[in-house]
Amino acid sequence: MNELNTNITTKAEKEISVIKQIMEDSRKAVVENGWHYIYWGSIVTAAIIVNYLMVIYSISMYAQGMLWFFSMPAAAIVEGIIERKREKREKVKTFAGKLINSLWTGAGVCMFILGFAGTVSGAYSANMIFPLISIVLGSAYLISGVIQQVKWLSAISVFWWGGAVVLLLMPGMHSMLIFAGMLVCFQILPGVFLYVKSKRELATQPA
Amino acid sequence: MDTRQAELEISVIKKIMEDSRSAVYDKSSQGLFWFTLTAATVLINYLMAVTGIGLNFSGLLWAGVSIFGTLYSIRLAKKESSKIKVKTFAGKILTAIGIATGIANIMFAFSSLVANAFDPFVIVSMNSMILGMAFYILSVIQQLKSFKILADLWWAGSVFFFFMPGIHSLLFMAIMLAASAWIPWAEERKLTKVN
Numbered sequence: 007m008n009e010l011n012t013n014i015t016t017k018a019e020k021e022i023s024v025i026k027q028i029m030e031d032s033r034k035a036v037v038e039n040g041w042h043y044i045y046w047g048s049i050v051t052a053a054i055i056v057n058y059l060m061v062i063y064s065i066s067m068y069a070q071g072m073l074w075f076f077s078m079p080a081a082a083i084v085e086g087i088i089e090r091k092r093e094k095r096e097k098v099k100t101f102a103g104k105l106i107n108s109l110w111t112g113a114g115v116c117m118f119i120l121g122f123a124g125t126v127s128g129a130y131s132a133n134m135i136f137p138l139i140s141i142v143l144g145s146a147y148l149i150s151g152v153i154q155q156v157k158w159l160s161a162i163s164v165f166w167w168g169g170a171v172v173l174l175l176m177p178g179m180h181s182m183l184i185f186a187g188m189l190v191c192f193q194i195l196p197g198v199f200l201y202v203k204s205k206r207e208l209a210t211q212p213a
Numbered sequence: 015m016d017t018r019q020a021e022l023e024i025s026v027i028k029k030i031m032e033d034s035r036s037a038v039y040d041k042s043s044q045g046l047f048w049f050t051l052t053a054a055t056v057l058i059n060y061l062m063a064v065t066g067i068g069l070n071f072s073g074l075l076w077a078g079v080s081i082f083g084t085l086y087s088i089r090l091a092k093k094e095s096s097k098i099k100v101k102t103f104a105g106k107i108l109t110a111i112g113i114a115t116g117i118a119n120i121m122f123a124f125s126s127l128v129a130n131a132f133d134p135f136v137i138v139s140m141n142s143m144i145l146g147m148a149f150y151i152l153s154v155i156q157q158l159k160s161f162k163i164l165a166d167l168w169w170a171g172s173v174f175f176f177f178m179p180g181i182h183s184l185l186f187m188a189i190m191l192a193a194s195a196w197i198p199w200a201e202e203r204k205l206t207k208v209n
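As given, the protein sequences belong to chains A and B, one line each in that order. So this note's numbering is basically just the index in the first sequence, starting at one, shifted up by 6. So this note's numbering is basically just the index in the second sequence, starting at one, shifted up by 14.
Bound conformation, chain A alone (with noise of 0.2 angstroms):
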């Protein structure tokens, strides 16, 4: 009877501590995520200024419709690259982070079909692309603050509406130095700061 009892301690004890690890799994996953923020903010911001300094010099819109087509999809095949080596090196898949990646490609997705099916069907001008993907972003932001459990992640969201009425209401070429600046400010950021936060919560975690 007492080696029973013993059996089930030991059974027990175990299940609890694969519990621990995958809510701890869970955690690191979330907290680690820090990067993408800072690497689509560095490339799009970068994307815009290119796009900018096109317009000032005349180049045909042809070719700034180019820049977007051929370098977004080369941002998400490099960064796919790095995510798979990641997950090789981490072996394990947790539910929070398939649901930021979900969340991430789905708004992915949206500011496709915006930046593309948008512009090429003439549903609106070049300018309101800005505004329409702050909305997608803001919605973004605002779920994945919940999932990350990161209170202040899910306020960014308000900025990003605020700035799509901005954008909105009074467009113009202004309107990409003024998305570059919120991308700095909402994306890039924020993305440092949840970096170095993870950095320094793994740093004091037990190995």
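In case anyone wonders, no lab produced these hints; they're calculated from the structure. Be aware that one or more of the hints could be misleading.
Unchecked claim - Partial list, computed: chain B residues near chain A (C-beta under 7 angstroms):
id : residue
1  : S96
2  : K106
3  : I107
4  : I111
5  : A114
6  : L127
7  : A129
8  : F132
9  : P134
10 : V136
11 : Y150
12 : I151
13 : V154
14 : L158
15 : V173
16 : F176
Glycine included, each C-beta is placed from N, C-alpha and C at the ideal position.
Given the coordinates of chain A, work out where chain B should sit on it, guided by the hints.
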């Protein structure tokens, strides 16, 4: 660790996980209600536009539906909150998805009707696009295949109606809204019966 203590802890953790899952399904009654109500209203609006009958009352129809929907939704929420005492993680994510999608759709309407960014018919494409994102995340949370298929259909419809905007986009919207409410519901029931 004491055997009883260990068993208790496991049962608590199991309960938390089950609560989480049931909270997702309980919350879906709100989605079911709003999607069905909106599908019916969009369909009536479409028929009004196609036949030309009662088109002047279109605004009144939406106002009435909004008031009724909100009141019934509050009643439903009160009923649910008395049943579910704990706010679960999955429940919080679902609420966030609902709020984020709702605000985005309002802002798309604002973009068209106030800022004149695009033709009002394009609003359907915008709504479809953001609903595609919502259903894509839901496919991971609820782990139902139908959500993933619905997400793809919303996105395909969005792209299609960017190129072919028009009155018939409302019919697409009505069908998709009804399908989005009832197909996952049927799949979930089927899975529950099997398990």
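Margin query: Less than 7 angstroms between beta-carbons is the criterion; does L158 (chain B) satisfy it with respect to chain A?
Written below: With Cβ-Cβ at 13 angstroms, over 7 angstroms, it is violated.
Checklist line | chain A contact restraint for I111 (chain B) - C-beta distance below 7 angstroms | finding: Holds, about 6 angstroms.
Notebook entry, point to check: If you take the shortest Cβ to Cβ gap from F176 (chain B) to chain A, is it below 7 angstroms?
Noted result: F176 (chain B) check passes; min Cβ-Cβ to chain A is 4 angstroms, inside 7 angstroms.
Margin query: Please check whether I151 (chain B) passes as an interface residue: C-beta within 7 angstroms of a C-beta belonging to chain A.
Written below: OK, holds: I151 (chain B) within 7 angstroms of chain A, min 5 angstroms.
Margin query: Hint I107 (chain B) vs chain A: min CB-CB distance below 7 angstroms?
Written below: 5 angstroms, holds
Next item on the list: Report holds or violated for the interface hint on V154 (chain B), using the least CB-CB distance to chain A and a cut-off of 7 angstroms.
Entry: 4 angstroms, holds
Notebook entry, point to check: For the hint on Y150 (chain B), does the least C-beta distance to chain A fall short of 7 angstroms?
Noted result: 4 angstroms, holds
Note to self: Holds or violated: the hint that V136 (chain B) contacts chain A, with Cβ atoms closer than 7 angstroms.
What the structure shows: 5 angstroms, holds
Notebook entry, point to check: For the hint on A114 (chain B), does the least C-beta distance to chain A fall short of 7 angstroms?
Noted result: Since chain A brings a Cβ to about 4 angstroms from A114 (chain B), closer than 7 angstroms, the hint holds.
Item checked: Per-residue hint verdict: S96 (chain B), partner chain A, C-beta under 7 angstroms -> 24 angstroms, violated
Item checked: Restraint check, 7 angstroms cut-off on beta carbons, for L127 (chain B) near chain A -> It is violated, given that the least Cβ distance between L127 (chain B) and chain A is near 11 angstroms, above 7 angstroms.
Next item on the list: Have a go at the F132 (chain B) hint: is there a Cβ in chain A nearer than 7 angstroms to its own Cβ?
Entry: Interface hint status for F132 (chain B): holds (4 angstroms vs cutoff 7 angstroms).
Violated hints, listed in ascending order, are 1, 6, 9, 14; each of the other numbered hints is respected by the structure.
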